[in-house]
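Visitor: From the two separate chains plus the hints, produce the assembled complex.
Below are the chains, spelled out letter by letter.
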Amino acid sequence: MSNAPNLQQNRYKADLREVRFLLFEQFKLDQILGQGPFEAWGPDEVQMVVDEAYKFSCEVLGPLNAVGDRTGCRLEGGQVYTPPGFKEAWNKLYEAGWMAVSAEPEYGGQGGPFTLHITIQEFMSGANSAFIMYPGLAFGAAEVIQLFGTDAQKEHYLRTMYGGKWGGTMCLTEPQAGSDVGSSRTTAKKLPDGKYAIRGTKIFISGGDHDCAENIVHLVLARVDNAPAGTKGLSLFIVPKVRTNADGSLGEANDVTVGAIEHKMGINGSATCVLNFGENDGCVGELVGTVENQGMSQMFRMMNGARISVGLQGVAVASAAYLNALEYARDRKQGPSINNWKDATAPRVAIVEHPDVRRMLLDMKSRVEGIRALIIKLTRHFDMTRVLQGKDDEQALYHQGQVDLLVPLVKAYGSDQGFRVCETAIQTYGGAGYIKDYPVEQYCRDAKVFSIYEGTNHIQAMDLVGRKLGQRGGANLQGFLGDVAAFVKANEKHPVLGKAVKELGEAQEAVAGTAMRLLGWFQMGKMPMVPLSANRFLEMMSETAVAWLLLDAAKIALDAQEKLPAGDESASERAFYEGKKHTALYYALNVLPHVRLSAEILGREDSSALEISTESFATV
Amino acid sequence: MKILVALKRVADPDNANKVKIPPSGDRIDTAGLEWKPNPFDEYALEAALRLTEDGKAPKARAGEVVVVTFGPKETEQTLRAALATGADRAIRVDVTDDKLDGALVARALKALVEREKPDVVLMGKQAVDGDSNQVGQSLAELLDWPMATFAATIQEEQGALLVGREVDGGVAVLRVRLPAVVTVDLRIVAPTSVYSLKTARTHKYNDGVRFAALPAIMASKKKPLAEVKLADLTADSGLKVQYHGFEPPPARKAGIKVKDVADLVARLKNEAKVL
Numbered sequence: 001m002s003n004a005p006n007l008q009q010n011r012y013k014a015d016l017r018e019v020r021f022l023l024f025e026q027f028k029l030d031q032i033l034g035q036g037p038f039e040a041w042g043p044d045e046v047q048m049v050v051d052e053a054y055k056f057s058c059e060v061l062g063p064l065n066a067v068g069d070r071t072g073c074r075l076e077g078g079q080v081y082t083p084p085g086f087k088e089a090w091n092k093l094y095e096a097g098w099m100a101v102s103a104e105p106e107y108g109g110q111g112g113p114f115t116l117h118i119t120i121q122e123f124m125s126g127a128n129s130a131f132i133m134y135p136g137l138a139f140g141a142a143e144v145i146q147l148f149g150t151d152a153q154k155e156h157y158l159r160t161m162y163g164g165k166w167g168g169t170m171c172l173t174e175p176q177a178g179s180d181v182g183s184s185r186t187t188a189k190k191l192p193d194g195k196y197a198i199r200g201t202k203i204f205i206s207g208g209d210h211d212c213a214e215n216i217v218h219l220v221l222a223r224v225d226n227a228p229a230g231t232k233g234l235s236l237f238i239v240p241k242v243r244t245n246a247d248g249s250l251g252e253a254n255d256v257t258v259g260a261i262e263h264k265m266g267i268n269g270s271a272t273c274v275l276n277f278g279e280n281d282g283c284v285g286e287l288v289g290t291v292e293n294q295g296m297s298q299m300f301r302m303m304n305g306a307r308i309s310v311g312l313q314g315v316a317v318a319s320a321a322y323l324n325a326l327e328y329a330r331d332r333k334q335g336p337s338i339n340n341w342k343d344a345t346a347p348r349v350a351i352v353e354h355p356d357v358r359r360m361l362l363d364m365k366s367r368v369e370g371i372r373a374l375i376i377k378l379t380r381h382f383d384m385t386r387v388l389q390g391k392d393d394e395q396a397l398y399h400q401g402q403v404d405l406l407v408p409l410v411k412a413y414g415s416d417q418g419f420r421v422c423e424t425a426i427q428t429y430g431g432a433g434y435i436k437d438y439p440v441e442q443y444c445r446d447a448k449v450f451s452i453y454e455g456t457n458h459i460q461a462m463d464l465v466g467r468k469l470g471q472r473g474g475a476n477l478q479g480f481l482g483d484v485a486a487f488v489k490a491n492e493k494h495p496v497l498g499k500a501v502k503e504l505g506e507a508q509e510a511v512a513g514t515a516m517r518l519l520g521w522f523q524m525g526k527m528p529m530v531p532l533s534a535n536r537f538l539e540m541m542s543e544t545a546v547a548w549l550l551l552d553a554a555k556i557a558l559d560a561q562e563k564l565p566a567g568d569e570s571a572s573e574r575a576f577y578e579g580k581k582h583t584a585l586y587y588a589l590n591v592l593p594h595v596r597l598s599a600e601i602l603g604r605e606d607s608s609a610l611e612i613s614t615e616s617f618a619t620v
Numbered sequence: 001m002k003i004l005v006a007l008k009r010v011a012d013p014d015n016a017n018k019v020k021i022p023p024s025g026d027r028i029d030t031a032g033l034e035w036k037p038n039p040f041d042e043y044a045l046e047a048a049l050r051l052t053e054d055g056k057a058p059k060a061r062a063g064e065v066v067v068v069t070f071g072p073k074e075t076e077q078t079l080r081a082a083l084a085t086g087a088d089r090a091i092r093v094d095v096t097d098d099k100l101d102g103a104l105v106a107r108a109l110k111a112l113v114e115r116e117k118p119d120v121v122l123m124g125k126q127a128v129d130g131d132s133n134q135v136g137q138s139l140a141e142l143l144d145w146p147m148a149t150f151a152a153t154i155q156e157e158q159g160a161l162l163v164g165r166e167v168d169g170g171v172a173v174l175r176v177r178l179p180a181v182v183t184v185d186l187r188i189v190a191p192t193s194v195y196s197l198k199t200a201r202t203h204k205y206n207d208g209v210r211f212a213a214l215p216a217i218m219a220s221k222k223k224p225l226a227e228v229k230l231a232d233l234t235a236d237s238g239l240k241v242q243y244h245g246f247e248p249p250p251a252r253k254a255g256i257k258v259k260d261v262a263d264l265v266a267r268l269k270n271e272a273k274v275l
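As you go down the protein sequences, you meet chains F and A in turn. Going by the UniProt record's numbering, the first sequence opens with residue 1, and the numbers climb by one from there. Going by the UniProt record's numbering, the second sequence opens with residue 1, and the numbers climb by one from there.
Just chain A, same shape as in the assembly (with noise of 0.2 angstroms):
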């Protein structure tokens, strides 16, 4: 099976404080932040590495894992990093995040997908820095393919997946025919969430993403790392999404204490509004 792996890599969540609005609130200031994969991503290069592996023999792989990027040269180190992991060959489409929108990611994207031709287009539900959730919808209607979001599990079946997917109130069960998009979910990185066929349904990962070894980092060098302009995959390079403006969340303000439940309510009522 070949799958193609979209990443994005995101100022580091767990610095979230560190994110800062200029005055002129025209940008998000991005300096000096620590960069990672955005989190939803790397599961979903987990899940791709499990479903072209025995998972008892995961250095050897069954198929194909292709991942991708949008960004600077800088994000070829998340490149690197994924290559390290397992990953086969990765692209860098040349371009920076502001003339980027989720439409034209996905334009690109079709682009990449019918010069590479996967069986499995693999991506997380969204992003955690603009938590759009666009691309992979935006991408299975471009393409006109099966799609399904939120993926807690996958099973491989002969030219199909058996996707679990996360719905309010449970997990809903798609089977999809390849070639698909599928955009996975938290769970997908547990114990048991991803059967390749050649996996044994008794086997069980770690939980999580794999770390890189050392050997693998060393030898990442040596894997392909193609770069590709935007043009020469999309000739519409507009954006649908304009923005115009960003401000923080306004402070929390002190809380007060009323003075007893019909206060309460009749605040809830008259100043909160919400009763």
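So here's chain F without its partners, still in its complex pose (with noise of 0.2 angstroms):
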């Protein structure tokens, strides 16, 4: 019944009524627009960049996802080609300034809102995750620069950055320094000018090299001389891929070669690459700033932008998978219905009428939307801190603590849950999801690595315990906690959502009690239980933070459709308001209460996997 597929059909699409509802009505962005940072701003603009951007997303990206996938990329005479079509797309994204929505408007930008630069980067991301990886670091590494560079290397680098002039990378990872970023071996020698003479390899570097910009500005982790050991000797250096004059034209090479590309799984239109700096001892880098050592911390903070937008990506993934699977389960007819089980001859329905085909769907739903609202509540607490810089610091305190919070849990919760809904929407279409004349298959290779780089969803899950829970004192996650008590206490009487939002509260606790174990386990030198159930507790916590925003969703939904007008004009205003309805309830009642579990599980303190010896594995 299949058709030759035809790679450069558009498959991507988003729910734009749930992005309307997500903005306005849950995280009500109008409150912050018109005034302070977004003066400019108003619903409008908002709007229309939604609009626009959407329709970018759908006829220039999403025809080369499938292209991207099956050409992937090429490296010839030391130069890395992207997939067909990639190089002019990346020129209409700058055109269209599709990057620099929340830039500073002295570099560029537009100055808008963090969480529209997110919504938009969703559209993005889910039309071609391989793509938007080479624009996605560009931002990173400006943002870097931006926050931590000299004047001078601001005036230098950052509108030719965000205008995609040229490209960026982040250089960690290095053959013997994954996860352990502290056994870094590049180094940095001090040359007399006071830039620094770069050596060492480095991989798995995404957008490492390729043929969309005419340079590309690497950030390098390497080791000065006689700095000390581990992460706290390593220092950030900007390093070009082609030297760059004091007038912005280029120079010449920088010694800066590609070993290799990699052959990957999934995003296979991104180029990983091997980078060899200084090979020929020709590899000049600066300071990123003006004091040495401080390369850690700096790049924890690109970290924090890039793991959102990897937590991102996998709820934008998993998106367009859910839309697909949903489209497909409403048209393939197949079987009887459950309630003409006996009669042979009742006619077939649409697999979309089947339970288990509607659990799924509705099981992708929640947590596709709870994913990506918990995502807009960390962009909404980022966007506050900038209302509220210099008039409220406490509360611009309060807000970026719970950004600090919500990164791992984003990072690790949506890049899990993205590959496990992709997943979920294969098994949706049967056979036909394995093949790939069906979009899902890509989207499920595609999305395997979300949990994987940007530091694996373990190191997330030991940032969140082992620095996020005690950061300022334990406030930021007695403030999570706390704001949502109060959310428990005033709905747990609700005359529909009332059941779910005890659940709700149950989970409160038993994240409060498990987080007060871990710390027991601290204070007891039970050291090795921690990183053993790190990950569970992050799921635990993620689990009852994408529960409360449903059910808080699911509240102003109710709100909502009362005070439509009756009559079947609502009709569709009603489904939509309704599903909000139906998604809390199942998340909080079939997923939920896992966390309970969780919390009696980790209360055994179980540690087979530790006692169990390496050689009892297996025999082989």
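No false leads were mixed into what you were given.
Only pairs whose alpha carbons sit at most 35 angstroms apart, straight line, appear in this in silico DSBU-like list of lysine-lysine: (1) F:K55 / A:K99; (2) F:K333 / A:K269; (3) F:K165 / A:K221; (4) A:K56 / F:K165; (5) F:K55 / A:K59; (6) F:K165 / A:K222; (7) F:K489 / F:K502; (8) A:K223 / A:K198; (9) F:K195 / F:K232; (10) A:K221 / F:K391; (11) A:K18 / F:K563; (12) A:K59 / F:K87; (13) F:K87 / A:K36; (14) A:K221 / A:K36; (15) F:K563 / F:K581; (16) A:K18 / A:K229; (17) F:K165 / F:K13; (18) A:K204 / F:K55; (19) F:K165 / F:K190; (20) A:K20 / A:K36; (21) A:K56 / F:K13; (22) A:K73 / F:K92; (23) A:K18 / F:K581; (24) A:K259 / F:K333; (25) F:K333 / A:K273; (26) F:K581 / A:K36.
Reference listing, derived: stretches of chain F covered by chain A, where coverage requires no fewer than 3 residues with Cβ under 8 angstroms from a Cβ of chain A: (27) 38-47; (28) 89-101.
Just so you know, these hints were derived from the structure itself, not from any lab. Small disclaimer: the values here were computed from a predicted structure and weren't measured. Quick reminder that beta carbons are idealized off the backbone N, C-alpha and C, glycines included.
Guide: Structure (structure tokens):
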């Protein structure tokens, strides 16, 4: 029944009603528009940017998704060539200005809310998650220079990087230094003119080389001579592929060469490079800012943004997979309705009528919408830090604390669940989902890397447990738990949602109790229990947060539904709001109870995985 | 050159299955539909932009493009989007769809044209909701202007346009003296369909309509958008078209298998009565 797939067909779609609901009904973006840092922005501008960026994603990036996957990148004569169409898409992207929505006006941006930037990044990531790596990393690298660079560096690099003239990367990983960044061996030797000679090899560098921009600005983590061992002795350097003159023109090559590109499971349109710096002693870099040994803390700032983007990639691809699976399920006829199961002549129904397919669809819907809400919650906190800066510093600290706390949740839960939603989407299609005529198998392959790069999800869990829980004396966690508790208290008697809200209250208590337990393990010297339990704890906290936001959405939806005029002209709005209710109830009653169970499991302190000897895993 | 582009917003044609008719059958239910500009009108805007620029430097406008729509306050979003893609000014005639028909829109447009004095009025050959295909022709008649419909190509000449019209079996080329009314068809947005006097004949446009860029979206807020009352344009707001009822197209019936060719012919003759 399948025709030969048209590789250039756009398969991406998003539910723009859902986007409007999140931005304006649940997270009330209009409250911060038209004033302070967002003076130039009103709801109309936000809506137009959403509409146009969505159109752009469907018409320019979507048609390149399968092409990029099948063609991949190639390395020829030391230069990486991206799949056909990527370079033109890069040019169109920067012509349209979509990477500069939230960038500073001083450097060519429009100074808009980060929430809007992330909203449209979801479209682009979902339409083509391999392509978005190139501009995404350029954006992240530019942000680091904006935060930590000298005035001269900002002047020299920011406009060109935000404007797409030059690309950018972040270079951390080395063959022996993956999650263990501290064992980096790349060296930086100070030169008489104050610059540094860079030498070393970096691997797994996304967008390490490409043909979209005339130059690429690498941010390279390296150790200066005599700097301390470990992460404390790392500094961050600006190392362009081609040296640049003061006027922005290009000089000679900077001895940065591509050793190889990787052949991967997914995101084949994104070039993952081995980069050699200074093989011929001709690689020169400049320190970001003026102080050595600040590399890790600077990199962490970049990673905050990058980690949000990876969680977003998870939800973006998952959302595309869900909406495609939904379309298929509404169309594909197979089997009779379960109500006619004895009647062999009963009419065949669309598979969306079958209970298990409905379960899968609602499961996907709840995870996608819940994690998307979590991301917007985070970005909304971030925007508040900008609104409150200098006006109410204490409140600004609260919001920054929530950003810090939620980043590992967004990255890890977003990417883990993103992959699982893609897998469920394949299952919804059945055999058709496993073949390349349909887009979901690519989504699934592309999505796997999200739980690995930008710090594996275990690194995220350790960041949460080891750094974030205790941050500001535990105030960030207390703030989060307090927000959830306040919602529970206000809504536990809700006629429709009450039962689910009670479940949320129990989950909140389980999270609080488990956090105390983790702290106890630290204090009692049961250190190995902490990493053994960290992923599970991150999942508990994420499920609690997601359930909270889904229930919050359901409450808003039910209130809005009541105000709809009676009669069938409101039918589709009513259906939308009904969907919010069922989504929240499903998640709270089918997924959220895992939190209590997890707390109970962790309470048993089972350490089988620690006790089993390495020999006992297998005899081969 | 000054161009007036008439834009209509329509229910998203990609979601045509969401269009519903209530049991009363007295109207089409448009609630919950996403609104989009009529695609043919978007093509008309793109053609207008191409006619008022040098294709090499599309940011500078040579002349003026004024967009006009008929609709309630929400339709200003359609106009803002047009301003963001390059139009200079916008006019909204405040009225709702149910109080309009093609003849009334044409009468009101005539009054607007007399005020604005454009060299060309451009619009889509038809709107994809009602598919009436009337306004351009009626307007040209009321103005007593030359007209070219279904334009696939437009080339600017001194005081005239050379218009390639889609006709059965090919393209017929007409020269229309300005001022004129031109309605456009699908192929008007192909890479080599429209040339102003400034654009080199070797220039190739991107296929399709241009995207609104972010800085232009932000700047569009500062472009003028005027509201006009329908009564200020025409004293006669009567409708020539009266809608008596709506019904969805009949659902497709299940097919049958015919025995043989003779059976088929017999059925085509006696039941379908097409032979």
